[in-house]
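*Asks:* Sequence:
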Amino acid sequence: MILVTGATGHVGNMLVRKLLSRGERVRVMVLPDDPCVSLAGLDMECVSGNVLAPPALERALAGVETVYHLAGIISILPGAEMLMQRVNVEGVRNIAQAALQAGVRRMVHVSSVHAFRRPAQSRMVDETEPLALEGAAAGVYDRTKAEGTQAVLEVVKEGLDAVIVCPTGIIGPHDYLRSEMGQTISEYTRKRPHLLVAGAYDFVDVRDVVQGVLAAGAQGHSGELYILSGTHIALPELHDLVQELAGIHSPKLVLPFSLALAGARLAELGYRLTKITPRFTSYALRTVHDSALFSRAKAERELGYHPRTLRETLADTIAWHGARA
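Numbers 131 to 455, taken from the numbering used here, label the letters of the sequence shown in order.
By construction, these hints were calculated from the structure, which means they are not laboratory data. Bear in mind that the values here come from a model prediction, so they are computed numbers and not experimental data. Treat the hints with caution; some may be incorrect.
With a straight-line cut-off of 30 Å between C-alpha atoms, the simulated DSSO-like cross-links for lysine-lysine are [stated by the list, open to error]: (1) Lys148 with Lys428; (2) Lys287 with Lys428; (3) Lys382 with Lys321.
Between the sequences and the hints, there should be enough to build the whole structure, so can you do that?
*Replies:* What follows is the structure, encoded as structure tokens:
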């Protein structure tokens, strides 16, 4: 039996689909009030639970050989700090300890490249980069992903067999919950002026992340981290590629970083007062401004990881969103 937490998310539902296609017996743990739209019609066992409730984890892990832990909070908006701390750190520690006590054969924890300390200048980041703990973190999300990763490594020292994968920015089809980048790509397909910022980031196909996760479960070395990166691209170039694939062309205005940052700070203040989601946040802008490169050499060497082209990913993403429009 395989347990998947966070199964309703983008990577989670794709992982469940892949496991079922291989004939695996899959159990998913979902929050009590989760509608599970992304898992509708799939042949799996569904149990209600929360990573913050250890008794529920004990029940969910009964008879499980492998657990893929994907449950987490991703937020670039102000006000989610306490929830991220609880779920991304305390919740990770809870399930790692529960997996150890249950005698699980292997745990794969899906973290993020945000768990690594951001370099002072744009350069290649690999798994030897220190975790973004304490003052080294660029934001609360980074710190919670780092602390969650560290929590797993601490339980590994107690005897848990666990591997950690760190994807970059995940995009692709079956994005039922409309991730931030999924919404952005969908917006780029609309024939109207677009406001962009100068910056770049690495984007990886959700299907390639799933393959990396499965490879980590099968052949990754316990206690090791693996970066799952894709294609590094400037945001204006990403916009143009999406529009090319969608067969449209619309004007774009690229804001310099300093101007965009000033606007983002005002927008965040407005969000605290009105709850209207800002187009950009300071955290998101710093992320694309840092423009770090992420090496996947270790994952290629030890997991046989090879991501597809960004063009293929975007074409499939556009087609999937179009089919659901």
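*Asks:* Indicate, hint by hint, whether the structure satisfies it.
*Replies:* These are the hints, each one checked on the structure:
1. Lys148 with Lys428: Distance ~23 Å between Lys148 and Lys428 Cα, so the pair holds.
2. Lys287 with Lys428: holds, 22 Å
3. Lys382 with Lys321: holds, 11 Å
Figure legend: structure checked against the earlier numbered hints; every hint is met.
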